[in-house]
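Q: Each chain, written out:
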Amino acid sequence: MAGFTLNDMRVPVDVLDVRIDIRLPHDADPALRDEIERAWHHCLADSTEPAPREVHWRASDAMTGMHLLSQDVTRAAIDARVGEAFMLHAAAIADADSGATVAVVGASGAGKTTWVQTHGHNRRYLSDETVLITPDLGIVGVPKPLSLGHRGLKRQHAPQEFGLVETDGTEHLVGLWLLDRDGTTPARLTEVDVLDALPSLAQQASYLAALERPLHQMASIVTACGGLRRAQYREAADLADFVAEALA
Amino acid sequence: MRARRAALHDVFRKGDASVVMAGTNVVRISPLATYLLEQMSDWRTSDELAAALLDQFGSPADGSAADFVVAMLAELATFDIVDVEP
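Quick note, the sequences are listed as chains A and B, same order. Remember, our numbering sits 197 above the position in the first sequence when you count from 1. Remember, our numbering sits 4 above the position in the second sequence when you count from 1.
Incorrect hints may appear among the rest.
Chain A residues, not near chain B, derived (Cβ > 10 Å throughout) [unchecked claim]: (1) D224; (2) A225; (3) D226; (4) L229; (5) E251; (6) D258; (7) M260; (8) T261; (9) R278; (10) A297; (11) D333; (12) A355; (13) E363; (14) P383; (15) C422.
Partial pick of chain B residues on the chain A-facing surface, computed with a CB cut under 8 Å [to be verified]: (16) H13; (17) K18; (18) L36.
Because the hints were derived from the structure by calculation, they are not lab data. All values reported here derive from a predicted model rather than from experimental measurement. The beta carbon of each residue, even a glycine, is placed where N, CA and C say it ideally should be.
Full structure from sequences and hints, please.
A: Here it is, written out as structure tokens:
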């Protein structure tokens, strides 16, 4: 292990426009750093300067560590943006050319990662977990490894395994959907009245109370992107036509 | 009984109805509740609120306006939207 310094065991990432250093123990196997860089490829920051925020590796085995890292980096990024913008528990993908983005909102287990896996191929990947939306419908995410698995530890998969494309900062929200995998066939999208949309979105928002006039901010975003829509479906693939139409 | 509007984080109104944020609660409330809430910038007795409701909407289909107001205040209080005193 000779030759590795503390600085070598740092993986700089950029998520939700927040610079964070993932810190590994100084005696960690360099192969672990390589694995983290591969899994977090879409988030890697080109920086040699230490970041103002750090997340520390806190596990003895790789699977647990990667699982916790996913949570810890996301949490650190959200904490850094508290009170600045509207953050949602949502997955998002964008058209590779135009940057037109659809975000799907849902609690853990609602099918966000499966939706990304199914529809993200050759599209830009913003997140399978958390996005930040600005009043002008700009959107950034946490393009972390995809977390797959039902309960407990989720295995983390690099976005490139699914043909997901990196973002370029030009993504803009054109559709906001509430995932509702209720078995409806054929799948359908129905508009949700803004008075029903706000409580639904509030359940999946982070630090909403820290925003100025949060309901008005939410309502403005919902209205500007054409309204919240409820996506009722059985299989994620059943939404293919809706995704294609929204991103066209 | 008397009641007043609690310190609300935000109120978004569309038409006669609205969505209210009180603490971490975000709740859609009916046109009747929206109207009542607007009457409660200061303490109001349930009798005063019932009279205001009768004035605006007429008699309820079932029961008395006073009972209706008491029930509605109790429900709003569970979401910390109003402060209620016996």
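Q: Please confirm whether A/T261 is truly not at the interface, meaning its C-beta sits more than 10 Å away from all C-beta atoms of chain B.
A: Per Cβ check, A/T261 is outside 10 Å of chain B; nearest 31 Å; holds.
Q: So A/E251 supposedly isn't at the interface. Is its beta-carbon more than 10 Å from every beta-carbon in chain B?
A: holds (29 Å)
Q: Can B/K18 be said to touch chain A, with a Cβ gap under 8 Å?
A: Holds, because the Cβ-Cβ distance from B/K18 to chain A comes to roughly 6 Å (cut-off 8 Å).
Q: Quick one: work out the minimum CB distance from A/R278 to chain B and report holds if it exceeds 10 Å, violated otherwise.
A: holds (18 Å)
Q: Do the numbers back the hint for B/H13, that is, is its least Cβ distance to chain A under 8 Å?
A: Where the cut-off is 8 Å and the nearest Cβ of chain A is about 6 Å from B/H13, the hint holds.
Q: Using Cβ atoms and 10 Å as the threshold, tell me whether A/E363 really stays out of contact range of chain B.
A: Per Cβ check, A/E363 is outside 10 Å of chain B; nearest 34 Å; holds.
Q: Just double-check A/D333 for me: nearest Cβ-Cβ distance to chain B has to come out over 10 Å.
A: About 20 Å separates A/D333 from the closest Cβ of chain B, which puts it past 10 Å; holds.
Q: Once the closest CB in chain B is found, is it more than 10 Å from A/L229?
A: holds (38 Å)
Q: Can we trust that A/C422 is non-interface, i.e. its beta-carbon lies farther than 10 Å from all of chain B?
A: holds (17 Å)
Q: Quick one: work out the minimum CB distance from A/D258 to chain B and report holds if it exceeds 10 Å, violated otherwise.
A: It holds; A/D258 is separated from chain B by about 36 Å at its closest Cβ, greater than 10 Å.
Q: When you look at the beta carbon of A/A225, is every beta carbon of chain B farther off than 10 Å?
A: Since the minimum Cβ distance to chain B is about 39 Å, A/A225 lies beyond 10 Å and the statement holds.
Q: Classify the hint on B/L36 as holds or violated, based on whether any CB of chain A lies nearer than 8 Å to its CB.
A: At about 14 Å, which exceeds the 8 Å cut-off, the nearest Cβ of chain A leaves the hint on B/L36 violated.
Checked against the numbered hints above, the structure breaks only hint 18 and satisfies the rest.
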